[in-house]
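Visitor: Those protein sequence lines, which keep their order, are chains U and V.
As numbered in my numbering, the first sequence has no gaps in its residue numbers, which increase by one up to the final residue, 229.
As numbered in my numbering, the second sequence has no gaps in its residue numbers, which increase by one up to the final residue, 523.
Heads up, some of the hints might be wrong.
Covered stretches of chain V, as calculated for chain U (at least 3 residues, CB under 8 Å) [claimed, not checked]: (1) 368 to 378; (2) 388 to 399; (3) 419 to 430; (4) 466 to 479; (5) 501 to 515.
Just so you know, these hints were derived from the structure itself, not from any lab.
Predicted model only: the values in this text are computed from it and were never measured.
Don't be surprised by glycine CBs; every beta carbon is placed ideally from N, CA and C.
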Amino acid sequence: MTLLAEHPLEQAKADLERLLSLRSRMGELERTRVDDAVLHTDQTLADLLPGGGLQPGGVYSVQESTSLVMALLAGPSSAGAWCAVVGMPGFGIEAASRLGIDLGRLVLVPSPGDRWFSVTAALTDAVGVVVTAPRSRVGDAEAARLAARLRQRGTVLVVCGEWPRVDARVRLASSGWAGVGAGHGYLGTREVTVAVESRSWGRERRADLVLPSAGGLQPGPRPVLRAVG
Amino acid sequence: MSGGTETGVNAARSIVLWCPDWPVRTAVAAGLAEDGHPIALIDKGMVFASSAAARHEGVRRGLRVREAQARCAELTVLPYDATADQRHFDPLMTAIEQAVPGVQPVRPGLCALRARGPARFYGGEDAAAAELLRVAAEHGSPDACIGIADGPFAAEQAARAASRTGRVLIVEPGRSAEFLAPLPVDVLGDPAFATLLHRLSLDTLGAVAKLTTLELGDRFGELGVRTHVLANGSDRTTVVPREPQALLERSAEFEPGLDRVDELTFAFRRTADDFVAGLTAVKLVATAVRVSVEAESGAQSERTWLHPRWFTAVDVVDRVRWQLQGSGIDSGLDSPVVRVTVAPETVDAASHHEDGLFGGGPDERVHHALSRVQSMLGHDAVGTPAVSGGRLLADRAVLVPWGDRVPDAVTSDAAKPWPGALPPPLPATVYSPTVSCSVVSATGDQVDVDEAGMLTADPTGFSVRGRPTVRVTAWAGPWPVEERWWDEDAARSLSRLQLVDETGGAWLVLLERGAWALEARYD
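So that you can see chain U by itself, here it is in the shape it has in the complex:
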């Protein structure tokens, strides 16, 4: 007791760890369906996401990166799920197709206007993954109703922007380009660091990813440990 009192910081850390592990166990118990298998997701991203992939009924928010949205969609789409993108007129379909999204099962609603929320809700009933870009603030009650609908249908919602309660927030922590210099070459491969923040754990998880020129994603080079001293 005295030992612990001497180290209040250690004590707080231990408490936090216990709290988080309890919370994640609660999360497991709260799951309402037994057949909740995660959707097929790209391996590097799957390791970062809570539950080991995109969970049916989950809500994920992606900050300011359409490429990341495409990377999330690529897994389910190549596994045969229908995807819908609402309110993103600039969604680059050629880039999407090169990342492995099947254009035949991709539905676009580029300009839903003020009805973006009803359109998103209507699509959650039918397609596997819905991407939406909110045009206005969403209230907690509305978000809760939609979340119930998502869980019932097993649909994944990816939000490009702010949302009241999300399972994970995905963002690009850093991005670097190879192949381009001061007036020579052209944009080649892109190495990015993806950061995921979730209610299930305290600090962000990060991973390196290479967004290649064609076909699929590749994990970044793993740091090699070497003995020193």
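Since the structure of chain U is provided, determine the placement of chain V on it from the hints.
Guide: Using the frame of chain U, we list chain V on its own:
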């Protein structure tokens, strides 16, 4: 002659009604060309049909387009539309069917009938011919010709001969061989075989008829035997009349005319129900319908709508509403609508579209949801994307409205090489239209591209429409894009540049007519 042969001749005795230049007449009726002008309809790069004025200048069927245009400079060249042709001929067929039952459509502009019945009913073959000509004239074909002979082939040749002599040519029973004898073998309609016969010095049908069936059969097999039968006028093919079509199209007339879309769609509901019920009664479903709207001012709008599955009454009403709204009229119409007609364009057996015992698959759910969104936002608002051809990214993306087919041009364009198109990786966000931006050098001046296609200074700063300038750490380009330089109005000449900013974001900007614009973002 024995009694048996007599009956045979009687059974094969045929009337053929021929409307000269029918495809041209269809094109004129559709408002694509003016009557009396030289017109040529093109199918697969060859002249398929031409008007009398064009023939006068030397345009013939089977000429290449370029040669036809060389022979007649003011020739109007149009693509041949077989469906429109057939559709235009259908009302005439129906009218003839009402005067004389049992009509066999041969091709648009040409139909065959059995002669015996009409001849007995109207009191003679010439009286029957006169009646048919009257019907044809009433339905917009005043120059139709009629040939009556033993067998449809001889009757068709008689009808063609009639266009040069009178309007009607009746070949007496048993004299068809005599009539056919002087005709060239080209009328058989098989150019390759006709050439061969010419080389064998068999120039007329008479010369062919003089040979025996055995000789022709030995040399040419079945084709030879058939030719011999046609040439000696003993063709016993009987006319096979078409089954009269159940009337599936429905129309609603409004008196007085309605000028509000919601009123009109509400009033049309019953007609739509009736239309679908009519199809169901004959165990059919429509997968494409044609909706035509007629306004009081006489204006007409017609469009074919496809359906990914099949039309229910609600879908039909939706299509009517979209068609009216599509003409740019949301609340009030320019002119009150007096009549709306809906006709099935493609039908399929209902049994092919039954739901399974446990309902449809997931794709069906997708279809229902998308149709619901379409009825909220409009037909064009929801679609699946397709990659087309082009150099600029915005040109390469096409949204195909849900339910429509991908246009052929899109697939064929995508397959072509596009020198100057962007190499991968491709940007994830494409701005259409482009957003204005500025690219500046270290001195703060705007960077430009000189006549040699080089940058006037190294770009160091970049800002999008009023936002603070970010530092450029790397760039590549400029790459010139020259499009349609031969066409002054559509010509585009621009330079592209890839920029990487200090945060690691990359941008694709283009310089056109001295102004920078943001084409896409690698975000």
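Visitor: Quick check: do three or more residues in the segment 388 to 399 of chain V have a beta carbon closer than 8 Å to a beta carbon of chain U?
Guide: holds (count 4)
Visitor: If you look at each residue in the segment 368 to 378 of chain V, do at least three have a Cβ nearer than 8 Å to any Cβ of chain U?
Guide: holds (count 7)
Visitor: Are at least 3 residues of the segment 419 to 430 of chain V within less than 8 Å of chain U when you compare beta carbons?
Guide: With 8 residues close enough to chain U, the hint holds.
Visitor: Please verify the coverage claim for the segment 501 to 515 of chain V: does it have three or more residues whose C-beta sits within 8 Å of some C-beta in chain U?
Guide: holds (count 4)
Visitor: Taking a Cβ-to-Cβ distance below 8 Å as contact, does the segment 466 to 479 of chain V have at least three residues touching chain U?
Guide: holds (count 4)
Violated hints for the displayed structure: none, as all numbered hints are satisfied.
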